[in-house]
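A.B. asks: Residues per chain are reported as follows:
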Amino acid sequence: MFEMILTTGVVHLTIGNLVMWLIAFLFVYLAITKNYEPLLLVPIGFGILVVNLPLTFLMGEGEGLLWKFYHYGLEWEIIPPLIFLGLGALTDFGPMIANPKTLILGAGAQFGVYVSFFGALLLGFNIPEACSIGIIGGADGPTTIYTTVHLAPHLLGATAVAAYSYMSLVPIIQPPIMRLLTTEKERKIKMRQLRPVSKKEKILFPLVTVVVICLIVPASAPLMAMFMLGNLFKECGVVKRLADAAANELMNIVTILLGISVGATMSAESFLRPQVIFVFIMGLVAFAFSTAAGVMLAKLMNLFAKEKINPLIGSAGVSAVPMAARVSQVMGARADPKNFLLMHAMGPNVAGVIGTVVAAGVFLALAR
Amino acid sequence: MVDWVLAVKIFIFGLLAVFCSLGILIAAIYGFGRVLKTFEKD
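As they're listed, the protein sequences go chains A and B.
All residue numbers in the first sequence are consecutive under the working numbering, ending with 349.
All residue numbers in the second sequence are consecutive under the working numbering, ending with 123.
No lab work stands behind these hints: they were computed from the structure.
This structure is a prediction, so every number in the text was calculated from the model and none was measured.
The beta-carbon is built from N, C-alpha and C at its ideal position, and this holds for glycine as well.
Watch out, some of these pointers could steer you wrong.
[Unchecked claim] Subject to a maximum C-alpha distance of 30 Å in a straight line, what follows is the list of computed DSBU-like cross-link-like pairs (lysine-lysine):
#1 A/289 - B/118
#2 A/82 - A/15
#3 A/171 - B/118
#4 A/171 - A/221
#5 B/90 - A/82
#6 A/180 - B/118
#7 B/90 - A/183
#8 B/90 - A/221
#9 B/118 - A/287
#10 A/181 - A/82
#11 A/82 - A/183
#12 A/180 - B/90
#13 A/183 - B/118
[As the list claims (entries may be wrong)] Among chain B residues calculated to face chain A with C-beta under 8 Å, some are:
#14 91
#15 92
#16 98
#17 103
Go ahead and model the full structure; you've got the sequences and the hints to work with.
C.D. replies: Now the structure itself:
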């Protein structure tokens, strides 16, 4: 009888498992009731729950179901590039092509990545770990996961959850920083309506971008190539079925696998460590500095530009598409209800995705 | 022990790569835009 009881998971439960269950329930609760990144937090929360059920061996090396998802999906670099394929098929680079200057804002917003990188080093993390923590500031979930799997897989759960949590908290984190760094007059700056972008320009853009970025940072090729392929599907207009599949069915399937694989890495023994708290703190620092750098760079550009840029669009350079752009729009409309910044903010927003992939590529090339 | 030389190298190369690649993209967008306009006029 006693031996039979020993074969159940109940007697092997630890306090750590119970704490992780609470975290799992919290994620599912936040996703369902507060709508915080539900597409990710529901499978992540569920993954956390099941991986903390004793004796299930779902993450057992070589045999566990979730280990197979993790190993073949993430370690084999399959899932993040496929997510990027879907993102590419969903992204409209038109606003950025119409006003290419805004690409600079996407670059400036990567500053927080490096602030957090050095902060993590000062807190005692090694260089690969600091790279994985710093990239959270790019506000790009798949890139964070891709970088962490290669450089510090033991931090995957923490960095992925931090990235997605802060992305969903963009409307709370960014506005105070944006208000602090801009004057009422600056927030009221109206920007000229964007010119229409031709189909030819939109088709050329992914082809040129993949060549430019992959020549400069070859390590970013897996993400960048798939991103631009997805965008070419969308813009060329002759493979609508492929564009739809990449943006919908494929994206949904890989999102499920990504979420549950990330959740599965969060066993009690790997997640309940003081290091994880530092990851969350540095992730927040990265986000805050990226937002501030984007706004400040826009102000700097205004010193030289004939046509003024509303500095509120600078904060959209942190990626988090399209949430960060929406925050710029809301802040601008609050200063002047007739101010429409959304399309202007989409430029730095999508440029931020490219900037983050480049930053990740350099991390992978130099820190691996 | 942190290799600070490597850390600084990552910082400088990283920031340079981000700004250079996006800078080249800006030039490419303007350049291709002009070429396409010329073709369309012709």
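A.B. asks: Run every hint past the structure and note whether it holds.
C.D. replies: Verification of the supplied hints:
{"no.": "1", "hint": "A/289 - B/118", "in the structure": "holds, 26 Å"}
{"no.": "2", "hint": "A/82 - A/15", "in the structure": "violated, 36 Å"}
{"no.": "3", "hint": "A/171 - B/118", "in the structure": "holds, 27 Å"}
{"no.": "4", "hint": "A/171 - A/221", "in the structure": "violated, 36 Å"}
{"no.": "5", "hint": "B/90 - A/82", "in the structure": "holds, 27 Å"}
{"no.": "6", "hint": "A/180 - B/118", "in the structure": "holds, 12 Å"}
{"no.": "7", "hint": "B/90 - A/183", "in the structure": "violated, 35 Å"}
{"no.": "8", "hint": "B/90 - A/221", "in the structure": "violated, 43 Å"}
{"no.": "9", "hint": "B/118 - A/287", "in the structure": "holds, 23 Å"}
{"no.": "10", "hint": "A/181 - A/82", "in the structure": "holds, 20 Å"}
{"no.": "11", "hint": "A/82 - A/183", "in the structure": "holds, 17 Å"}
{"no.": "12", "hint": "A/180 - B/90", "in the structure": "violated, 40 Å"}
{"no.": "13", "hint": "A/183 - B/118", "in the structure": "holds, 14 Å"}
{"no.": "14", "hint": "91", "in the structure": "holds, 5 Å"}
{"no.": "15", "hint": "92", "in the structure": "holds, 5 Å"}
{"no.": "16", "hint": "98", "in the structure": "holds, 5 Å"}
{"no.": "17", "hint": "103", "in the structure": "holds, 4 Å"}
Taken one by one, the earlier hints fail for this structure at numbers 2, 4, 7, 8 and 12, listed in ascending order.
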